[in-house]
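Chains as they are written, first to last, in my numbering: chain A, 341 to 782; chain B, 9 to 403.
Treat the hints as calculated values from the structure; they're not laboratory data. Among the clues, some could well be false.
[Stated by the list, open to error] Restraint ranges, calculated between C-beta atoms of paired labels, are given here:
(1) A:Gly529 x B:Leu345: 45 to 53 angstroms
(2) A:Asp460 x B:Leu345: 17 to 25 angstroms
(3) A:Gly529 x B:Pro360: 51 to 59 angstroms
(4) A:Asp556 x B:Ala157: 53 to 61 angstroms
(5) A:Pro366 x B:Ala351: 27 to 35 angstroms
(6) A:Thr349 x B:Gly165: 51 to 59 angstroms
(7) A:Leu368 x B:Leu345: 31 to 39 angstroms
[To be verified] Just a sample of chain B residues kept apart from chain A, beta carbon distances all over 10 angstroms, derived:
(8) Lys45
(9) Arg98
(10) Arg102
(11) Ala111
(12) Gly132
(13) Arg201
(14) Gln210
(15) Val302
(16) Leu371
(17) Gln385
(18) Gly397
All C-beta atoms, glycine included, are put in the ideal place defined by N, C-alpha and C.
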Amino acid sequence: MSAWHDLVTASLIGTERAVVPAAAIPGLSPMDDDTGDPAAVLLDRAALLTAARRAGRRPGRAEPLPTSEPDPRPAVSAAAGRRLARMLGGDHPDLLAEWLRAVTARGLRPPPQFLPVLLDLGRRAGSKDPALVRLVAQAGGPRARWLAQLNPDWEIVLEETLAEDEVWRRGTNSQRRAYLRASRARDPGAARELIADGWAAAGPDERVMFVNVLADGLSLADESLLEAALDDGTAWVRKVAADVLAALPGSAFSQRMTERAVRWLRLEHGEDGPRLVIVPPTGADAAMRSLGRDGITSGPDTGTSQARRIGLVLETVARTPPAAWTRQFGLTPAQIIAMSAADWDASNPSLFMAWSRAALTQGDQEWVNALVNRALTGKSPLTAAEVGALTRLIRHADPRLGAPNVLPRPGPERLPALWHAIRTLRFRYEMLKEIEDDHGNG
Amino acid sequence: MLWGECVGSATAPYRTVVDLSGPGYRCSCPSRKFPCKHALALLLMWSEGAIGPGGDLPDWAAGWLAARAVRHTGAKDPKPPADPAAAQRRADQREARVAAGLAELDRWLCDQVREGLAASQQSGYRHWDDIAARMVDAQAPGLAERLRALASVPHSGPGWEGRLLEEYAMARLLVTACRDQEKLPSALRDTVRSRVGFTVRQADVLASATPARRVRDRWHVLARRDLEQDRIATRRVWLRGRRSGRPALVLSFAAAGQSLDGSLQVGAETEADLAFYPGAMPLRALVAARGDTVPGGTPPGSTVAGLLDLYAAALGQDPWLDTWPAVLDATPARAPLPCLRDAAGDAVPLHPAAGDCWPLFALSGGRPLTVAGEWTQRGLWPLTAWDEGGSPVPL
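Input sequences plus hints: build the corresponding full structure.
Listed below in structure tokens is the structure:
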């Protein structure tokens, strides 16, 4: 060893200033290698030692790591694993959460080699998308927890499993939120009581957080808390509470919205058959105040007052359970949507947007499917906003819409965005079918 | 095999063929993109299930398939012999040029050591690029590549000066070996010449039929590594014979952005004749003939000591060998840097540039698995691991 170090030192300084050290190899007689140039001699001796050192390399020693707890769940099929690789590589990455949810629900586990990428995604999502963090932790199982013990960057997935009551009393904001979300997922009633008890002492940011937590596992039991939040002193709390209430079927809130909506959007039977007519409110102060309490304000003074009032109607439709229209008009969702398209919808396409929001908020699959069908097959070109709405709709449509030959093929002149939507639907269909048919890889 | 005709801007429809087993593409369109949009369209239709089972191949598709099969086995029509005297003159000129280049490199190497390596850390890439470029001019591309790779050594962390001296010493060893090549056994001479950058024609490799050079075996495709340099993509595919235990390396090249040869899929086992390039430790080979292909399962792995023994034996044949195929039965661990540990507790480091190797750790969960990769001076670069089900997982 030291012979090698002497050579390296001499080469660092340079043979102009240093003497070339001897380089004897045990078992070899010293060579007559002095060719006259000290630099050449040094290189030749170094070559001999290099070959000897490389060939004579000894193994190092290492202690084993603790082993991961076994994961009893079978791995997904090879096809599902390949699809996950595609999604992680950028193909329909927005469907990743749905893939994880479906795999977890089916009692399967993702191929372990993808856990590091999933954990990185979870870490980056962090507090912005705690639902994704939870999904990664659930799907990853004991192997993901084992990895998180090796790499502190991934501790975020462990946070929830560490949550204790202590965290609720003395934790940081993000720890309290994680604790509350975990508690809500286990026992919605217990979380509701924690929120009710803490409401009076909580600041505005925390009240917004409380309301957002209630959005998971929402039920009518949460209604009184949320109705009270509509009278909160902070506008942001009122706004978030109204958004959450809009997703609660059978609430007094949706009853109020429905009563307004059916007054302002009517079915009239003209000479050419039935058509939809918007009858905007005239602006009586009391009506406007009650609308404002439910989270709908006319916003900044832009556009004509007529346009502003139509805007209020559309905002109301967006918060009205779409099933109300099916009841009110006695028609199917497809008939109602097609009717709007035949008449004035082409010049004012926002009704499509309002219905899309309502159908998504309420998770009304019949309406989602009808809206997707209409967007893909309708005659009028879609606006950029409608393409955006379609992108959200297809993620919640019945995946069977993506089965072969269910959807009509749009003509080649149709927007690339439509093709993208159809490909996404097909991708979702295949992805979920793969997992559904999967009996695990053992 | 997919085929189709596409109405394009020309009067006759474009004829497009896709060989799914290759994959390979052929189209009569003038596009220089590869695969062209017609072939891509055909593949898209196929992936969407829009192409039903076809009948017999049309003649134009069958003709291309046959030509491709011939190209793959390398059975090209022999070129008409060139003027032998002119060829000899060119070969002599090259030998003279290389000899002059080697003499220049020898002076350069001695200058480095005379002035001291300490200065190298302040040198930019130009320092090595210049001497590498002179070796390209001297028609010694193998040496040029070795020298160009040295530019990163002074910034490779503690111990860089030792690593640089090793590489300079091995370069001078190559220079002196090439200068005195007449005194070397022929196999070692072939090794020296190939490391300097003299190439052997593929046709000559395929033509050699000696038992050492042409090996029929069930070849297990262990690992694959793609690298890109100077807009040339290189694919290294490592194989090992089931019966002979012999390692082999199949290289393929493509211009950047074009697809590399995908015919050897990792994890597959294929009955094939490999034709090895000449040398004292023959590794590089061409696929001369191929039979059926089946999934290969988990290959047998060695211990850490077994790997180091095999590598030492290979170095005894070819001291310039810096990449050697490894298949280990081991568990990823940390000591504290990532390493692979075998059942006896012996360990080899993972290559520092391979990063944290988290997928490998995730796959193992702290339990042993079989890992294939490239063993180098700095550590093992993991490329493939086999999961509990015996399926290969590229890392």
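Unsatisfied constraints (hint numbers, rising): 6, 16, 17 and 18
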